[in-house]
Structure formats: structure tokens, C-alpha cells
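Student: Here is what each chain is made of, one letter per residue.
Protein chains: 2
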Amino acid sequence: MSRAHKGLPGNMDKTEKIHANAPAEIGMALKDVDTPALVIDLDAFERNLARMADAIADKPVRLRAHAKTHKSPTITMRQMALGAVGACCQKVSEAEVLVRGGVPDVLVSNEVIGPGKLARLAALADQAEWIGLCIDSELGLEQAAEAAADAEVVLNALVEIDVGAGRCGVPPGRPALQLARKIADHPNLRFCGLQAYHGSAQHIRDHGERKAEIDKTIAATRETVELLQKNGLACDIVGGAGTGTFEMEADSGVFTELQAGSYIFMDADYARNRKADGGPFDTFEHALFVLTTVMSRPEPDKAVVDAGHKTASVDSGMPQPFSMSGVNYQKPSDEHGVLTIEGSNKPPELGDKLLLVPGHCDPTVNLHDWYVCVRGLHGENPKVEDLWPVAARGSHF
Amino acid sequence: MSRAHKGLPGNMDKTEKIHANAPAEIGMALKDVDTPALVIDLDAFERNLARMADAIADKPVRLRAHAKTHKSPTITMRQMALGAVGACCQKVSEAEVLVRGGVPDVLVSNEVIGPGKLARLAALADQAEWIGLCIDSELGLEQAAEAAADAEVVLNALVEIDVGAGRCGVPPGRPALQLARKIADHPNLRFCGLQAYHGSAQHIRDHGERKAEIDKTIAATRETVELLQKNGLACDIVGGAGTGTFEMEADSGVFTELQAGSYIFMDADYARNRKADGGPFDTFEHALFVLTTVMSRPEPDKAVVDAGHKTASVDSGMPQPFSMSGVNYQKPSDEHGVLTIEGSNKPPELGDKLLLVPGHCDPTVNLHDWYVCVRGLHGENPKVEDLWPVAARGSHF
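Line by line, the protein sequences give chains A and B.
Going by this note's numbering, the first sequence opens with residue 1, and the numbers climb by one from there.
Going by this note's numbering, the second sequence opens with residue 1001, and the numbers climb by one from there.
The hints are simulated quantities; they were obtained by calculation from the structure and are not laboratory data.
For every residue, glycine included, the Cβ atom is placed at its ideal position computed from N, Cα and C.
Incorrect hints may appear among the rest.
List time: in silico DSS-like cross-link candidates among lysine-lysine, alpha-carbon distance up to 25 Å [stated by the list, open to error]:
hint, chain 1, residue 1, chain 2, residue 2
1, B, Lys1331, A, Lys211
2, B, Lys1353, B, Lys1383
3, B, Lys1216, A, Lys302
4, A, Lys216, B, Lys1302
5, B, Lys1211, A, Lys331
6, B, Lys1275, B, Lys1059
7, B, Lys1346, B, Lys1331
8, B, Lys1216, B, Lys1275
9, A, Lys331, B, Lys1216
10, B, Lys1331, A, Lys216
11, B, Lys1331, A, Lys331
12, B, Lys1331, B, Lys1353
13, B, Lys1275, B, Lys1211
14, A, Lys216, A, Lys230
15, A, Lys353, A, Lys31
16, A, Lys353, A, Lys59
17, B, Lys1059, B, Lys1211
18, A, Lys59, A, Lys211
Just so you have them, the derived chain A footprint on chain B, three or more residues with Cβ under 8 Å [to be verified]:
hint, segment
19, 1133 to 1141
20, 1159 to 1170
21, 1245 to 1255
22, 1290 to 1300
23, 1324 to 1337
24, 1364 to 1376
25, 1389 to 1397
Between beta-carbon pairs, the in silico distance windows are [to be verified]:
hint, chain 1, residue 1, chain 2, residue 2, range
26, A, Arg190, B, Pro1104, 53 to 63 Å
27, B, Arg1174, A, Lys31, 32 to 42 Å
28, A, Lys275, B, Thr1340, 27 to 37 Å
29, B, Glu1380, A, Gly253, 55 to 65 Å
30, B, Ala1020, A, Pro60, 41 to 51 Å
31, B, Asp1277, A, His378, 49 to 59 Å
32, A, Ala20, B, Ala1149, 24 to 34 Å
33, A, Gly208, B, Thr1340, 26 to 36 Å
34, A, Met77, B, Pro1104, 40 to 50 Å
35, A, Glu226, B, Ala1020, 39 to 49 Å
Kindly generate the complete structure, drawing on both the sequences and the hints.
Tutor: Okay, structure coming up:
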């Protein structure tokens, strides 16, 4: 038994404190990891990082990998070691964790509203090399400018344009120009360019349909960049793209920064996308799993596992048993999932541990405190090589 | 700005450390609470606790309130102050947090499989007055017995029977008797009764249909209790029931312990249930909210708020704007929700803070680190009276 599991502060030495409440210890065999646990296949993860770096090595774009996926400065630093310029994230509290973890360059790829949040963001500008945010309203602009002035810093700002997602952002074209001018005019803000992310296009299954949608995104973005340029406003950053479309924005000649995040882990939802040749989107490998134990075996064709809503999100479909034909995960409740077994050669038995591929990696990661990093996950002797905290888990504000 | 928000360990005194990463400070006005935040309406919460205590005061049942809902020993102690006999929970790591927080009597209302988990549970038996678990298999029995023997303790055990939920549990009747006998025969296990929870019945909307389902649950449970009794096995605990059906089990004459949890908070999903008279299930009030800020206002009929999948679960339907007619929460993404506005008299404006009723309280609570406890939430001067940690958040194993 892990001493960390005894959970009593009096029994802990420093190492145990650091790993408090982790479901594993470094050096442990995978079979001894407690469940449910969030597991990284380090080999696949490292291949995914390298594949993204290679894929854009010859393109006129930088990678600003999205930390909303992993919430870990440890992972951002690995992405930067392979060429990423920094991180983006969605919340000021995520930016705080990234900067504290040593990330020098952080864009909050989101609007920040509220003097308290903006004061915290402005404070970060003194601690990091580059801190930016997105703006899509006069109020957002005024509040950011005031916070930056109060802190005697300059905040970098992108104008977010709505390029099809129908969420935040001003319309492309003149509304973006108007806002960009006002940003450029303020001494405590630096206009840096555009945020042009089309989130809902990422998961369009058919490659042609996905490309048609992103072609419109690229056209609207190009038009806006050119309009700003004619008016003396250069866009150093034109940011957007996700794992589902990054090659399109990379080839656009307009986008300068890619904000893909999920490529490092590759969830079950992204695996449903298709490539241009109609084949499955297999550029990246599944590198994130929820390790779970069969805790009840009430019927021959039914197994209950110890992973439910609280350990694997279902907003983009069910988690899927990895490499187990005939076994499906269904009917999750808060702490349980039911596996139905149809014609499996090797049905999971009581006490067996198995791997689930999360339906959606970002909200699944956000449920866990620790990444259990395993070397040789699918080999004969998988071992826990490291434990990384999900450092910005719960950093919502 | 909250000093805690500066987030730098060097700046923290002890109080700030305790409240690190909390979106509020004690004494703060609600309007100054950062968002998204998990808010308890203390007045409604206390009324809900009292209503449950009153509702079962004259019934031959005890309340063993479910801590899976709130994950907080602070809340369990309040439930016990009003008569609850203790807590139930779903995970050993939750039981550890409850015992460490002073709860003397904890049932893991779930199967526990795995020597590591069971060793931890057995260790708790030395620290608390009463520790129990559920068993539905020979393997579960053997592992629990071995862990208890190793720790030189006696673990209390219930046999779980499947009373309609189709999840864990042996069938009612003879299979339960067989398992109960084996438990009773083992010197390190104490047979205490039956776990007979029908989870999926809780949310059947129509009262008559719900009752018909629970009538079957009660009949199967009674038959099993009587069979065990004939065979010399007394059931001190016959546990089950949730917020949707507790009155039925309370009146059954068979159940001795109710495991309701959600009644303290009352989510949007439970509010869709109907009472016997066809009216809405309003025995309990909404006492849990996600406080969120309008962070973008891209169109007259659309507002984007800063609460998405990572702050409010959607497995049982969308969170709902509280007391705002014509305003609907839709299209959540990880960090955003889109409000559509149709004919509202007072549409939410940029920067406004508003309350969402969670679709499902348990997995929503599990996303947050802190309860922001507000007195007079719907009055003129709502104030943060306390901050309670969601102490067992992330206690999955």
C-alpha cells in the first residue's frame, strides 16, 4: 500500500506531501496504480508533441499550444522545448499557474471582464515576459486599460473576431478595426493582432465540410487583417486553430499562431474526425486514459467499473474501452460506468484494470489532481515514470 | 482585490493559505465574489436540512445522509447535528476525508475491490466509531476479510442487492442470503444488513410511476430481509433511498436508513420531478448555484457567460439561470455558456453576475474547491458568511 494513501499529515515526509492524494507512486508498476486514475502514455504523448512540431516546422506559423487542455506548466515547458512560443489559456487563474510554473509567454485567449481579474492579469505582466488577453467590447477595453494603468504595465491585446463559432468576438471587418484603433490609442495597451478561433469547426467529421468552414474563417480573417493593415495597424499575432483544423490555418498565409491543445492527448471525439482521404484522423495517438477497475460483475454480459461522471466527462460522448472489441461503456452515473459485453474473447473480470479513452480530454483532465505518467504503457512492464500535478485544475476564475 | 488572488505563496499569511484559490473572502459582498464560483444559499440550505429532519422525525428510519453530494465533513456534521446517524459515501478516499474531518460513522455505500483500497478502509476502522462497506461478490468478501484480518479490525458489511437500478448488487433473495451467510461466518466481518438503492428511480418524473417502481424495490427488499431473518440473520441496516423517493422508503416499514444526499442543494434535474398531486417537487429549495459573469455580449439576443463544462456538469441537463424568465443557458463549451435571450424584461448585460442552478449537483460540486456560503443570497445585501472546502473533491479512489 502506498504510504501516501494513509492520508494522515503526521505520517508524511516531504515527498509524500508533494504527492499527497496521488493514486500512484513513482516507480510503481501500472498494475499497482489505484483507480480511477488519469494516465499519460508518455511514449505516445512524446510522439504527439514531436509530430505537431514536425508538421508545422516548414510553415509560416508558430505554435502557441493551448494549456486549457492540460492545465500543466510542466507540459507547456515540454511544448516550448520543441518550439512552441508559449501558451494560451482561458482564465486568469490558469495564467497565474503557468507563470508561477515558469512559462514566460501567456495569452489569455479569451475575454477578461471584471476589475479584480484584470488587476491579477496586470500583476502577471510584471512577472512574465509577455502577457496578453482578448477584447471584444468597449467595457473590456476600458477595464483592461484601467487595470494596466493602475499596475503601471502594458497589456498586450488581441481583438477577438467571430469567425463562425457564434460565441464571443466582434464581427470581422470594420467593428474589429474600430476596437483595434481604440486599443492602439491607449498607452497601457499594445495592439497585437486578432484572435480568430472557430471552435465548432474542429469536430466537423468530414474533411471537406470542415475545410469549407475554415475557408470562410480564413477569408474573414484575411479581409480583417488587410483592412487593419490599410489603416496602419499591423497584426503580429493572428491566432486560432485547433487540433481538428490546424493544418488549414497553418497553410493559410494569414494565421501566424496556432492554438491547438488536444493533439497532445487525442480523445475519442477527435478520433471520429476523418482525414482528406476519408480515413480516420490518426495523425496523433491516444495518449491519455482513465485507468479503471471492474468493481462488480453482476451478469455475464455486464461489468461495472469505478469511473463515472466524476472521473470522465461525457459532454462529447462516452469514454471508450481501449482496444477491447465487443466491450462498450454505457450508462455512467456519478461513480460508476456500466460495460456491456458482446462477444468479447476476453471479457473483463472482477478486479481487472482497464484503460478508457476519454470522450473529451479537456474536461476530463479538469476532474483529476494528478497525471500518472507511464512509460511502456502497452508493453509488458508498464511503469510509473513520473507524477505531474494538474496544477491549474479548478483554476476557473 | 483579494490578496489570496495574488497567488504567490510568499505573500500569504496562514489565513490566506487556508483560503488559497478561493474565489471569495469571508465578509465580502456577493457582488465582489469572483466567478465562476460555487455558491451556497445558507438560508435555503439550512431550511432544507431542517425539512428533511422534520419529514422523517416520526418515521421508523434514520438518515445516513450521502456525502457523495457535498464531499464535505463540515456539511455532514451539520446533518448529524439535526439527527443524521452518520454519512455514506462512494469511495474509500471520501471516507478518509470524512473521518479526518471528525465524522465518526461512515458507510461506503459501494463495492470496494482491490487490496490497497481495502487496507486503507480497514485502517479507518481504527480511527472511527463505525466503518462499513457493501459487498456483492465472493472476491469482494475475501478481499475485505483479508484486509480486516491484516489490520486486526472488524469491518461492517452490507450485502448489496439489485433492486431495479441494474448496476451493482446480487439479485434479491437466495443469492443475498448465501453472501450474507459467508459474511456472518467470517470473524473479521460483521454482517449488518442490506444495501438496496434504486438510483434510476429517483428521477422518474411522474410520482405514480416512481412509486410503482419503488414498490417493487420495497417488495424485493422485504422478501430478502424476511428470508435472512428466517435464517437467523438480522438486518440492522436496510439502507437505500434518494431525494426523489425517500418518503416511500421511509414509510415502507422495511428500510431503516435513508441515504438521500441531493435534498440539501436541490438541482434543476430534481426540480423536474412531480409530487403526488402533480405539482412540482418543491419540498426542498434550490440552495446551490454557480455564480457566473457575462463576459461577452456579441448580439442583442445572446450573452456569453464564464461558466462551461469545467464549472457546471451537463450530464442531467443544462444549468438554468435562476429566476430569469426568457433567458436560457445553451451550447456550453469548456469555459463558456451561451445565454439566449427571448423577451426578457431585464436582459443580462456585460459584466453582470448571475446565478445558475446546476443541472446535477453532485458532479458540479466535484468541479470546485470551495463553497462560497452566502447569507441573504436573494436579499438586498448578500454577504459571504463562510468558505467551506469541498474537502473530498477529487477523492476518486
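Student: None of the hints should be skipped; say for each whether it holds.
Tutor: Status of the hints after comparison with the structure:
Restraint check: the Cα-Cα separation between Lys1331/B and Lys211/A comes to about 22 Å, which is no more than 25 Å; the hinted pair holds. Proposed proximity of Lys1353/B and Lys1383/B is supported: the alpha carbons are some 15 Å apart, at most 25 Å. The hinted pair formed by Lys1216/B and Lys302/A meets the criterion: a straight-line CA distance of about 22 Å does not exceed 25 Å. Distance hint between Lys216/A and Lys1302/B is fulfilled; the C-alpha atoms sit about 22 Å from each other, no more than 25 Å.
For the proposed pair Lys1211/B and Lys331/A, the alpha carbon gap of about 22 Å is at most 25 Å, so the pair holds. Restraint check for Lys1275/B and Lys1059/B: satisfied, since their Cα atoms lie roughly 19 Å apart, inside the 25 Å limit. The hinted pair formed by Lys1346/B and Lys1331/B meets the criterion: a straight-line CA distance of about 22 Å does not exceed 25 Å. A distance of roughly 19 Å separates the Cα atoms of Lys1216/B and Lys1275/B; the hinted pair therefore holds under the 25 Å criterion.
The straight-line distance between the Cα atoms of Lys331/A and Lys1216/B is roughly 22 Å, inside the 25 Å bound, and the hint therefore holds. As the CA atoms of Lys1331/B and Lys216/A are separated by approximately 22 Å, the hinted pair is consistent with the 25 Å bound. Between Lys1331/B and Lys331/A, the direct Cα distance comes to roughly 22 Å. Compliance with the 25 Å bound is thereby established for this hinted pair. Of the supplied pair hints, the one linking Lys1331/B and Lys1353/B holds, its CA atoms being roughly 19 Å apart against a limit of 25 Å.
Between Lys1275/B and Lys1211/B the CA atoms are separated by roughly 11 Å; this keeps the pair inside 25 Å, and the hint holds. Using a Cα cut-off of 25 Å, the hinted pair Lys216/A and Lys230/A holds, with the two alpha carbons roughly 21 Å apart. At most 25 Å may separate the alpha-carbon atoms for a hinted pair to count; Lys353/A and Lys31/A meet this at roughly 7 Å. At most 25 Å may separate the alpha-carbon atoms for a hinted pair to count; Lys353/A and Lys59/A exceed this at roughly 42 Å.
Note on Lys1059/B and Lys1211/B: the hinted pairing holds, with a Cα-Cα distance of about 18 Å set against a maximum of 25 Å. The suggested pairing of Lys59/A with Lys211/A holds, with an alpha-carbon distance near 18 Å, which does not exceed 25 Å. Proximity of the segment 1133 to 1141 of chain B to chain A, defined as three or more residues with a beta carbon under 8 Å from a beta carbon of that chain, is established by the 4 residues found. Residue count for the segment 1159 to 1170 of chain B with a Cβ under 8 Å from a Cβ of chain A: 6. That meets the three needed, and the coverage hint holds.
Closer than 8 Å: that is the beta-carbon criterion, and the segment 1245 to 1255 of chain B has 0 residues meeting it against chain A, so the requirement of 3 is violated. Proximity of the segment 1290 to 1300 of chain B to chain A, defined as three or more residues with a beta carbon under 8 Å from a beta carbon of that chain, is established by the 6 residues found. Only when three residues or more bring their CB closer than 8 Å to a CB of chain A does the claim for the segment 1324 to 1337 of chain B stand; here the count is 6, and the claim holds. Chain A is given as covering the segment 1364 to 1376 of chain B, and this holds because 4 residues of the stretch bring a CB closer than 8 Å to a CB of that chain, at least three being needed.
Check result for the segment 1389 to 1397 of chain B against chain A: holds, 5 residues qualifying (beta carbon to beta carbon below 8 Å, three or more required). At roughly 59 Å, the beta carbons of Arg190/A and Pro1104/B sit within the given window of 53 to 63 Å. Between Arg1174/B and Lys31/A the CB atoms are about 35 Å apart, so this pair conforms to the stated range of 32 to 42 Å. Look at Lys275/A against Thr1340/B: about 35 Å separates their beta carbons, and that is inside 27 to 37 Å.
Glu1380/B and Gly253/A have their C-beta atoms about 57 Å apart, which keeps the hinted 55 to 65 Å range intact. The hinted window of 41 to 51 Å between Ala1020/B and Pro60/A holds, with their beta carbons roughly 42 Å apart. Taken as a hint, the range 49 to 59 Å holds for the pair Asp1277/B and His378/A, whose Cβ atoms sit roughly 58 Å apart. The hinted window of 24 to 34 Å between Ala20/A and Ala1149/B holds, with their beta carbons roughly 28 Å apart.
For the pair Gly208/A and Thr1340/B, the beta carbons lie near 30 Å from each other, so the given range of 26 to 36 Å is met. Hint check: Met77/A to Pro1104/B, Cβ distance near 46 Å, so the stated range 40 to 50 Å holds. Between Glu226/A and Ala1020/B the CB atoms are about 47 Å apart, so this pair conforms to the stated range of 39 to 49 Å.
Figure legend: structure checked against the earlier numbered hints; hints not met, in rising order: 16 and 21.
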